[in-house]
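Participant: For reference, the chains in residue letters:
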Amino acid sequence: MKRLLLIAPLAFAAAFSLGCSSSGGDKCLSGDNCDDGNNNGQGPGNGAGPGGPGGDGTGTAAAPPPLCTTMGADHVGLGGVKLTDGRVAAIAGADRGRMKPYSALTGEYKRVLGADNNPTLVSQVGSTFGLSPARWYAEPAPNAVSLYTALRVGFDGCLQLTGAVANGKGTTTGDAKYGVAPTADTAKAECTAWTRSFWSRDASPEEIQACVDVAITDSVKEMQTNGQTVDATPQRQWAYACATVLSATGFLSY
Amino acid sequence: MSDKFNFSRRGFLKGVAGTAGAAVGTRLGGRHLIETAHAADPEKSALLCVFLTGGYNALFGSADSFQNKAFGVTDNNVQPLGNGLVVDKASLGSLPAYATSHMASIGVRHGISDHGNAETMDWSDGTRNYAIRLAQAMGGEAAIKIAAIGGFPPSAPRPAEGNVSFQQISNMDTTIRALGGGTPDPKVPARNVAAQALIRSQTMSGRTVTANPKAMTTFKDAFDTSILTLQKPIKPFVFDDIAKDYTGKATGNSTSVTDFTSKFIGAELMIRAGANVVTISDGFNWDSHGDTDGSAVRKRFGDQVMPGLTTFVNHMSNDPDLKAMNIVVAIFGDFARSLPGSDHQPNLTTTVIGKYVKVGTTGRTDAKVGLPAGTGSTQQMWSYFASALKVQTDIFGPNPHPLVL
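Chains A and B are the protein sequences, given in the same order.
Residue 50 in numbering that gives the first Met the number 0 sits at position 51 of the first sequence; the count goes up by one each step and never skips.
Residue 147 in numbering that gives the first Met the number 0 sits at position 148 of the second sequence; the count goes up by one each step and never skips.
What the hints contain is simulated information worked out from the structure, not anything from laboratory work.
Possibly wrong hints are sitting among the right ones.
To be verified - Just so you have them, the derived chain B footprint on chain A, three or more residues with Cβ under 8 Å:
1. 172-184
2. 210-216
Claimed, not checked - Quick partial rundown of chain A residues pointing at chain B, CB under 8 Å, derived from the structure:
3. Leu82
4. Asp84
5. Arg86
6. Ala88
7. Ser126
8. Tyr136
9. Asn142
10. Ala143
11. Tyr147
12. Phe154
13. Thr191
14. Gln227
What the hints assert, rightly or not - Distance condition first, Cα-Cα at most 25 Å in a straight line; then the derived SDA-like pairs of lysine to any residue:
15. B:Lys367 x B:Ser294
16. B:Lys213 x A:Val179
17. B:Lys367 x B:Gly289
18. A:Lys176 x A:Ala231
19. A:Lys99 x B:Gly289
20. B:Lys367 x B:Asp184
21. B:Lys219 x A:Ser196
22. B:Lys186 x A:Pro132
23. B:Lys231 x A:Ser196
24. A:Lys99 x B:Ala159
25. B:Lys219 x A:Ser131
26. A:Lys176 x B:Gly373
27. B:Lys68 x B:Met324
All C-beta atoms in this analysis are idealised placements derived from N, C-alpha and C, irrespective of residue type, glycine included.
Here chain A stands alone, though its shape is the one from the complex:
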């Protein structure tokens, strides 16, 4: 029995080292294309770029990550069960996206909008975002209410950013550019900057256009609770576009 206990770790180590090798060898591991037939080359890529878990999935320029093709010898564990049983084969980097927890979001709004424009609402909605009790952790997941609340929180901060309402210091300090109604060109420039800043990556043209559409089309008329519509001020139009970017997965997930 003692001998078995000594041999087992050695056998395990050997099996582990032999258990997987990339068909592409070093070249593959360094990130070059290593399509081996098991991967169709349409993997989502990795890292924070457009193909990563927080990215847009295009991954056109990124080489797919290496996959094991030589699985090596099976090793049967001490319990008589193969150590590879139940192992899931998946593309590295796929399905890693997660919602940012509330504890992170509270700092994120401040980071991207500026400390003075931190939305006051964010401190009141912890339970909606799944704030766990002390010493507990629950994986946050979005739902209909929390996503709408995220829009409200973002709108709160963006109203401050654009000067539509007083900011955290009690002053209205929005940039003068937000006092002018957005046009296709100005909205495109601002949306490009916001997406880069809020998502920490460059947005695709379609994503920027979605932001532009909010700024110059969707937000022009606001319907009040009494059913009447009013013209939105330029600052509010900008704020809606800003909040839209903050409600996308580029900001809410990682």
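Using the hints, position chain B against chain A.
Facilitator: Below, chain B without anything else, positioned relative to chain A:
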């Protein structure tokens, strides 16, 4: 963090009238435990599941099984309700008359005595979630068709069925805002713009969701449901109007979801908002090992569940809006508690209260907490729920609980 809202129950009823009208065509009169409903009754129906994570002692719904034998059941603490149904007197037997005259115990012989698998099987077939399937089959116009107040029921998978996904409700203030309630506030996005904004955000998120089809599926469900919610007519609830009967406070009620009472308030809110299925559960507090005289679960049930349940049942029978609906309340847990140590019994006796539930039992256990062979399993329990709700679609197979009539 309380809010005062403009709320008209009549207005709400008008809002759901279309839903009810659309729903009537999908429902038919029940059978067996179900009384015959008026053929043209355009009722909105809803199921409220109260799940006691850890277990639900059969002393509550099958009290006479243990009379003068176990779990502290005596001649003095049982309440016969008729047709062989005998319940715990201080809890189920003390509910308003509407409940005691519309209550059944449903036997569930699922054969599982470990928590994880029992919870999974209570709520799903291992892949698809019964509650979500039921919510989808019930139809209607509500954006949120199934809601978990507080946390989700444990363990079971909960993939969306079509466009119906399980939505968690953890704060009623933000929920009421999402439904369109709340005082006018310039910092709240206009509803028409908010809907469009989230559509655009969904577009911006599309590739990420596609690239993370499993991990980000909740984002897809959340976008779909939130956009739909914003596109629906406003439901201007006054939270205190709902909460006051539960708390005794006319104003200033907390909108947080914390204990059972606040969860019952949240459940009523979501049912009024048109949800088909609402679930309440709490932490792992009902795994009552060693509670051989049943005193611990009696006290916990009496202190925590009864206050909210009693008020909810009163509203079911007295509130004009809820009375007009066909609401079914189901109380169940992982499994019953075994003898002698109040451990894990591989079956369950579920308590059901509802407008078309007839008093009776298919869940009467023997003195060793066993149920007869041939008693249905969890899918058959859900089939009974569907029958009590008058869901026409036979999604769970035939209802096998006819003997109580």
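Participant: Could you tell me which of the numbered hints above are not met by this structure, giving the numbers in increasing order?
Facilitator: 1, 3, 4, 5, 6, 8, 13, 14, 16, 19, 20, 22, 23, 26 and 27
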